[in-house]
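Q: Protein chains in written order, with the UniProt record's numbering: chain A, 1 to 298; chain B, 1 to 298.
Incorrect hints may appear among the rest.
Given that identical chains are not distinguished, each listed pair holds provided it fits within a single copy or across any two copies.
[Unchecked claim] The calculated DSS-like cross-link candidates involving lysine-lysine, where the alpha carbons are at most 30 angstroms apart (straight line), are:
| hint | residue 1 | residue 2 |
| --- | --- | --- |
| 1 | LYS294 | LYS185 |
| 2 | LYS240 | LYS96 |
| 3 | LYS277 | LYS240 |
| 4 | LYS58 | LYS240 |
| 5 | LYS277 | LYS185 |
| 6 | LYS217 | LYS277 |
| 7 | LYS38 | LYS277 |
| 8 | LYS217 | LYS254 |
| 9 | LYS20 | LYS40 |
| 10 | LYS294 | LYS96 |
| 11 | LYS254 | LYS20 |
| 12 | LYS240 | LYS38 |
| 13 | LYS40 | LYS217 |
| 14 | LYS217 | LYS58 |
In case anyone wonders, no lab produced these hints; they're calculated from the structure. Computed from a predicted model, the values in this text were never measured in an experiment.
Protein chains: 2
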Amino acid sequence: MEVQNLWQTMEKGKMDKQMKIAVVGVGLIGGSFALTLKEKGLAAEVVGVDNSEPNRNKALELGLVDRFEELPAAVAGADLIVLATPVSSIPLLAVKVLNLVDDSQVVIDMGSTKQELCEVIAQHPRRGRFVATHPMWGTEFSGPEAAVHGAFAGRTVVICDREASDPDALESVERIYAEIGMPVKYMSAEEQDTHTAYVSHISHITSFALALTVLEKEREEEHIFDLAGGGFESTVRLAKSSPATWIPIFMQNKYNILDVLREHIHQLQIFRRMIEKDDVEGLRSLMVRANSIKRILP
Amino acid sequence: MEVQNLWQTMEKGKMDKQMKIAVVGVGLIGGSFALTLKEKGLAAEVVGVDNSEPNRNKALELGLVDRFEELPAAVAGADLIVLATPVSSIPLLAVKVLNLVDDSQVVIDMGSTKQELCEVIAQHPRRGRFVATHPMWGTEFSGPEAAVHGAFAGRTVVICDREASDPDALESVERIYAEIGMPVKYMSAEEQDTHTAYVSHISHITSFALALTVLEKEREEEHIFDLAGGGFESTVRLAKSSPATWIPIFMQNKYNILDVLREHIHQLQIFRRMIEKDDVEGLRSLMVRANSIKRILP
Chain A
1 MEVQNLWQTM EKGKMDKQMK IAVVGVGLIG GSFALTLKEK GLAAEVVGVD NSEPNRNKAL
61 ELGLVDRFEE LPAAVAGADL IVLATPVSSI PLLAVKVLNL VDDSQVVIDM GSTKQELCEV
121 IAQHPRRGRF VATHPMWGTE FSGPEAAVHG AFAGRTVVIC DREASDPDAL ESVERIYAEI
181 GMPVKYMSAE EQDTHTAYVS HISHITSFAL ALTVLEKERE EEHIFDLAGG GFESTVRLAK
241 SSPATWIPIF MQNKYNILDV LREHIHQLQI FRRMIEKDDV EGLRSLMVRA NSIKRILP
Chain B
1 MEVQNLWQTM EKGKMDKQMK IAVVGVGLIG GSFALTLKEK GLAAEVVGVD NSEPNRNKAL
61 ELGLVDRFEE LPAAVAGADL IVLATPVSSI PLLAVKVLNL VDDSQVVIDM GSTKQELCEV
121 IAQHPRRGRF VATHPMWGTE FSGPEAAVHG AFAGRTVVIC DREASDPDAL ESVERIYAEI
181 GMPVKYMSAE EQDTHTAYVS HISHITSFAL ALTVLEKERE EEHIFDLAGG GFESTVRLAK
241 SSPATWIPIF MQNKYNILDV LREHIHQLQI FRRMIEKDDV EGLRSLMVRA NSIKRILP
């Protein structure tokens, strides 16, 4: 149990001489995570795997990883393998990586959806080496050039179906996130996908729809000019996000997202009807209730 | 033409010995504007008018204004009168103030809607002393305690129906906004209300509706816990805004807002239908189009 010993003996600051990491998909998330692991002294070496040559060159130029390898070679030498590709490719990739690892290695993913992944790997003989994680951090930008220093700290990380992971693998991953400064929440893959539909996915869809609303209007009018200052820039920021990242998320979390979207459209229709009828008291009661979001998001 | 001479002779930094300002409604906007005028050396004295005693006490404690007066006394001594109350009270207040001013005084408002206001004051014999302005700045907070230093700079200010203002009054106001560092856009009151429905009012409604969507879900589920990190916090920020500020805006800009809301709900329904049908190509084309919002909002 090499890894277990490694983790049991390690102390803060000593780990950097020991842990080798493979990051599969060196974009916004994988690249920022690689930087964080290095900064926190958690990684001696970070090897990247990425099927885009321009992205590989960019990532090397920016110093996000030490070098690139093909997947089998990268996995062979790694204590920790991090999957940070679009969620559509994670389940199959997880199987391929689990096929390669032994009991000294740990695999995590960083995807925004978990049900499909956890279902696909459920019966794999090495399932215990996998820890399904969703660090709740991101920006509207994408690719290796979007990777930033100092990401993740202070944000929540969700760990799913922890009982399916080997205790030593789980503990290793908990220690990494603790070192980064991320509080952990545990839930089932199903709960995480429902939760994330509300706290992340729906916000992206409303932003995309809001951008389209304004762009539709702009076709007819000259005066959609300067969108900063009135509140629009914060609600529409996420509309700059990459379709390559988000379409797979919407597809994998389809039923939860359809539920949330139905409820959101319903709320907008209530608003619309009250404004139409000059129902000031109704609006006040809705808005006072909405104000209580401060309680959850101070 | 005392004011004209004052403005023609003033230079940056000299104005503070000369201009007396009355701010009616010393909350987020009026309070921040008072601070800005002082900081920029534009005001020798700022007299507040506010019908809430707690707000008056708070504003004095925070040093937002030098003292409070009743409206007639405040107007009598002022070179510039600034109306910064909720938009529902601005039209009547504008008439009352115009009844009191002479040709040496200038009146501006800072409201988010303009059609009703400009219609009400259109035939007033002192209409020329009024300049209808909408500085595009705000936060989700309200009241004098929400006033901040350094507000407004760099944001656009809309000036409406400029041909209805006396040239000297218009020039005075343009110089004040230039000193603060706000680029000016000119348009009709009608155009401004349409524009602002898109770039500000709709964002507030989607935020309120998004907060309500999540709060509905929270009734059933425990796992709506930590809303930071996934994008939700930026799209829902405006749901903390004050009903007292925003209900009058929604009522005054009712028809534009109903139009925009109809289009926005339509865009959300298109999204919903595409997700339902796994229409990946349709989604990609919508999202790529939405991405072009970068062009307007870099």
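Q: Each of the hints needs a verdict: does it hold here or not?
A: Structure-based check of each hint:
Taking identical chains as interchangeable, the C-alpha atoms of LYS294 and LYS185 lie at most 30 angstroms apart only when both belong to the same chain, with a minimum of 21 angstroms there against 34 angstroms between chains. In this assembly of identical chains, the alpha carbons of LYS240 and LYS96 never lie at most 30 angstroms apart, being 32 angstroms within a copy and 46 angstroms across copies at closest. In this assembly of identical chains, the alpha carbons of LYS277 and LYS240 lie at most 30 angstroms apart only when taken from different copies (24 angstroms versus 35 angstroms within one copy). For a Cα distance limit of 30 angstroms, the shortest separation of LYS58 from LYS240 inside one copy, 21 angstroms, qualifies, whereas the shortest one across copies, 41 angstroms, does not.
In this assembly of identical chains, LYS277 and LYS185 lie within 30 angstroms of each other by CA distance neither inside one copy nor across copies; the values are 44 angstroms within and 33 angstroms between. Taking CA atoms no more than 30 angstroms apart as the test, LYS217 paired with LYS277 passes in both settings, with 25 angstroms inside one copy and 27 angstroms between copies. Proximity of LYS38 to LYS277 under the C-alpha cut-off of 30 angstroms is found in neither arrangement, the shortest distances being 58 angstroms within a copy and 43 angstroms between copies. Taking identical chains as interchangeable, the C-alpha atoms of LYS217 and LYS254 lie at most 30 angstroms apart whether they share a chain (29 angstroms) or sit on different chains (17 angstroms).
Taking the closest pair of Cα atoms, LYS20 and LYS40 come within 30 angstroms of each other only inside a single copy of the chain (14 angstroms); across copies the shortest separation is 56 angstroms, beyond that limit. Taking the shortest alpha-carbon separations for LYS294 and LYS96, neither the intra-copy value of 44 angstroms nor the inter-copy value of 38 angstroms comes in at or below 30 angstroms. Within a single copy, LYS254 and LYS20 get their C-alpha atoms no closer than 36 angstroms, and across copies no closer than 60 angstroms, so neither meets the 30 angstroms cut-off. Proximity of LYS240 and LYS38 under a CA criterion of 30 angstroms is satisfied intra-copy only: 29 angstroms inside one chain copy versus 38 angstroms between copies.
Taking the shortest Cα distances, LYS40 and LYS217 never come within 30 angstroms of each other, neither inside one copy (48 angstroms) nor across copies (37 angstroms). In the homo-oligomer, the alpha carbons of LYS217 and LYS58 never lie at most 30 angstroms apart, since the shortest distance is 38 angstroms inside one protomer and 42 angstroms across protomers.
The structure is inconsistent with the numbered hints 2, 5, 7, 10, 11, 13, 14, although it conforms to all the rest.
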